[in-house]
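Protein chains: 4
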Amino acid sequence: MVGMQTPRRVRELGITVGTLPTGPLNAITDVAGVRVGQTTLTGDGVNTGVTAIVPDDYAGTLPAAIAVGNGYGKLVGSTQVDELGVIETPILLTGTLSTFRVADAFVTWLLARDPSATSLNPIVGETNDGHLSDIRRRPITPTHVHAALDSASPTLPLEGCAGAGTGTCALGFKAGIGTSSRVLDRGTVGVLVQANFSGVLTVLGKQLPAEPIDADGNSCMIVVATDLPLDSRQLGRLARRAIFAMSRVGSDYSPGSGDYAIAFTTNRTPTYADRDLRTPFQAVMESVEEALLNSLTMAQTTTGHQNHTAHAVPHERIQNLT
Amino acid sequence: MVGMQTPRRVRELGITVGTLPTGPLNAITDVAGVRVGQTTLTGDGVNTGVTAIVPDDYAGTLPAAIAVGNGYGKLVGSTQVDELGVIETPILLTGTLSTFRVADAFVTWLLARDPSATSLNPIVGETNDGHLSDIRRRPITPTHVHAALDSASPTLPLEGCAGAGTGTCALGFKAGIGTSSRVLDRGTVGVLVQANFSGVLTVLGKQLPAEPIDADGNSCMIVVATDLPLDSRQLGRLARRAIFAMSRVGSDYSPGSGDYAIAFTTNRTPTYADRDLRTPFQAVMESVEEALLNSLTMAQTTTGHQNHTAHAVPHERIQNLT
Amino acid sequence: MVGMQTPRRVRELGITVGTLPTGPLNAITDVAGVRVGQTTLTGDGVNTGVTAIVPDDYAGTLPAAIAVGNGYGKLVGSTQVDELGVIETPILLTGTLSTFRVADAFVTWLLARDPSATSLNPIVGETNDGHLSDIRRRPITPTHVHAALDSASPTLPLEGCAGAGTGTCALGFKAGIGTSSRVLDRGTVGVLVQANFSGVLTVLGKQLPAEPIDADGNSCMIVVATDLPLDSRQLGRLARRAIFAMSRVGSDYSPGSGDYAIAFTTNRTPTYADRDLRTPFQAVMESVEEALLNSLTMAQTTTGHQNHTAHAVPHERIQNLT
Amino acid sequence: MVGMQTPRRVRELGITVGTLPTGPLNAITDVAGVRVGQTTLTGDGVNTGVTAIVPDDYAGTLPAAIAVGNGYGKLVGSTQVDELGVIETPILLTGTLSTFRVADAFVTWLLARDPSATSLNPIVGETNDGHLSDIRRRPITPTHVHAALDSASPTLPLEGCAGAGTGTCALGFKAGIGTSSRVLDRGTVGVLVQANFSGVLTVLGKQLPAEPIDADGNSCMIVVATDLPLDSRQLGRLARRAIFAMSRVGSDYSPGSGDYAIAFTTNRTPTYADRDLRTPFQAVMESVEEALLNSLTMAQTTTGHQNHTAHAVPHERIQNLT
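Chains as they are written, first to last, in our numbering: chain H, 1 to 322; chain S, 1 to 322; chain X, 1 to 322; chain F, 1 to 322.
It is possible that some hints are incorrect.
No distinction is drawn between identical chains; accordingly, a pair holds when it is met within one copy or between any pair of copies.
Claimed, not checked - Here are the computed lysine to any residue pairs in the SDA-like style, where the Cα-Cα straight-line distance is at most 25 Å:
| id | residue 1 | residue 2 |
| --- | --- | --- |
| 1 | Lys206 | His311 |
| 2 | Lys206 | Pro7 |
| 3 | Lys206 | Leu321 |
| 4 | Lys206 | Asn320 |
| 5 | Lys206 | Thr301 |
| 6 | Lys206 | Gln5 |
| 7 | Lys206 | Thr6 |
| 8 | Lys206 | Gly14 |
| 9 | Lys206 | Pro21 |
| 10 | Lys206 | Thr19 |
| 11 | Lys206 | Gln300 |
| 12 | Lys206 | Pro314 |
| 13 | Lys206 | Glu316 |
Honestly, the hints are just simulated from the structure, not real lab data.
Just chain H, same shape as in the assembly:
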């Protein structure tokens, strides 16, 4: 692995996305009660991992909805969220072929915490990190999964080459995990992304073209957390805006991309009028745009499987844009 450039968040590079104020961490963990934990696997042709988004009270169920931008992905748990409008577990992200291995280890962890459970709907999203990671080896073990869940903390999550973003690439550059948040009068919106999709990197409208990375798959998983008092239908509206916001950084929404957004709220008493959703929508779109940029500027040049290298976006190219 080569990584001369110090990872920086895009705001540190002088880029301000949108007009709404960020939370104190500018992260999904600005939403009270939402923690993130990650396990990172590197070395020997492997660059993969697990990212866990853990709401405090998941077991009591939380209102939630999923938006499918392009369904070329193996998202676990979607039909039950559609039917019941809730999540009943944390949300995990990982690499494509490890999805079910991770989901099964997740079930082990959940069963250990609920002695009477006989039905569980784990949520596991994935993108394909096969360009930099020997994906067919499926190196993730239950220990890795449990470590991600058990280490979840309310601090700023690691971005770039961490957890489920360790091996992902986007827009011709090394990418990974990114996060951001916005604060509104009545609550907070936080976003975490696993970026792994094609297109031309666009920063505040300016393009930074790069040679496409010949990945086996291209996808984007977006998690939106909030404490706004929204019901599942309204969270679905937020989730669709998360998909729309991918366009702002240059996604080409390619036919082989698994683009999903899942939105949940920690607030179980919906009281929000639809006509007032304009600012929450804006908050989602600004947070997704900034989280996607952070996933790139926080990533480091990485060499992995079959000696493939994906380069970090040079920060000076971004700084020179402005």
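Chain H is fixed; fit chains S, X and F onto it per the hints.
Below, chains S, X and F without anything else, positioned relative to chain H:
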């Protein structure tokens, strides 16, 4: 396990469902190129298993669609089928908490057969067999999964207490796997069900009430296979009729039921006009009704987890109806 | 028009559907604040009309959802209900080719009642009454539409050959409008149907086959009203059960049928747990089954367009079943 | 009406959107067999109209699909397109409150052309032109509708203040109808838009902020025509990209916007592989972006209802961007 009564298919009991002719086996395997394999686990409080529906040419993808009757279930693979309109793997059925363990073993099997695959969309359905099986133990191993896939044959599948139906109950009785088929001018429709839902057993319109079985979950997985030249949209229309047909045997479509139908065709050249779908719809509904009845009359009284017993429906009660 | 037989509701014929108690009227108008008005057009080859379901407080919006059983229909207003989860107008039913004429007259009526409205989402459902009515003539005028709306009352609605059911046929017999209700601990469920679909009439499981009526279209519109505290997602679950219940009276869910259910609640504060929906689901299914039977037993033999005659189901055939 | 500036298409202003070649007209009418006709109503506080997209062989049905970006709109015809995957009529666009009046006149026109039709599924989209037009007056008559249909021609459609775009505004400026096309190896993609939505105008990534126009509604209707051999599922994928592309010109996807895309093909024999859709997706997104820009640069400053004025975007502001 107690099972005095010899299992019989519902036609052997004098019940004829509908008016269309059945295929030679009256089974999903009447559709050319469709095979079924099953692994059954019993004993020591366990009654569970795996059922594999294996189309010959799955790897080249087959047109398919999924209908969600009630999404309280963990069906793996649905969003990609929605997006691309195809299955690219066989279809597995199992017990709820084993779903992801089974899916991961399935990935192992698929990777071994495709040395270049880095993305796969396994289809795994489930119902909750926790009343008769120690579901939290998750006893299914990769060996069980691979045995079901490897043993797939074009003969009449085992019905009742076999494979994924080993521990399931429906309509107050022991149920399990059932299958049936209908032959049309232009092709065959075959159905296989994993029956595990609540309601009042209804045979050709006559009710046979039974004490409800206090199951932790109630669900029905329905697989519809055909060789009719249908596209994925049309297969979705068939799949919805499969859900509708559950009513004919007395399903109450309870809020906690995971009721899904997946329909696929072995024919990749769609040429069927929608106005001609009346008979295929009828074929699906007749086959589902008969397969569900077979899942009951072929099942045997079973004792399992925590000494729970589910009784087979007494055949004389059915014969006395007519 | 010939109609020797006195129309009777199916309960008067000794048929009791289900086990839950009905409301005082056994009608959708048992839901407090829900009124029904109808305009009936007959003579000169015309048998058509308008049925209006008018909730008192529609203008403040009411939680609602639509289920599409088979989308071969021209239902006006569905995408906005899907997005916002509410109705903002009454619900009208009519004949297919008059749908937009009716919707435009409906807009006139609504604009007159809201001097500032510049956007409205009228809900208009339809089925094809072209077998008995000269449908291409589109005889319904604004006066007819406004009369249906203005005459809405909380009494027992006319059933059979009334309003939008004047010219419809179902299951080989003359059909029309039907209604029924069920009372639960926490509220009431009421249903009104416009029945116009194919299949074999089934009464409590017993079939009464009849020569198919060669209608140009076959469809069923179902309106479910309640005062239970449900949100739009839950109302969608109820609406799907309304579609499933069509099977109980023998619907064949033919490919050319426009089968829709719209469910709304007069209660704007959702507090109902999904695990408690079993009885509301049962109430919907019982009410739909009984409303559909009422639509037949209350209808009278009718002769109309091109001298087509549709016969009422002979009551003694139903009474002899039991 | 004031309009000093000569309307120009955005390419005439030196702006080139994307990299794919346009068709000869750079319009939806580059797709062989697709014609456009429009009726424009202006004066006395009215700025509205009708735009008709008329495929030659509509009556034989054409594969089609609809994508709902935000369902706050009254789109007529969507559920049948979802079910059957075809359009069976031309597509009309108009102003919100005239939707059903237009649809009824459309039925008149269709019935006159098909002496045996008793069921029709007209497609009518709308946006709210109430800021510049006295929308409650519903001034559109059958004559206006029939004129739009009858005048349909394969030439370059009028853009800006024409037809259904006469009174619409977008991104703080006067907008209207826009069109564009792209030519691929295997066929052509053409787009026509009715632009009426909020956000900040963005031209090739550069923002041109403007005072928001206080419109009563904000929406965008997008029609995508092609002769590529796609089935309805694939056309749905194209339609979703049309919604995604709204972001490129600065849409904020506000909660009150009715954003819909309908895609159809004149080619009834689907043979296109999903893995080859990358370029068709690109063609859709480039065409939508350019059509939306054309809808603005071709529009003229307009004064209408209640003396509201919407200003055309000054061309020099766009030219100065580059």
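Discussion item. For a quick check of understanding: which of the numbered hints are violated here, in increasing order?
Written reply: As far as the earlier hints go, not one is violated by this structure.
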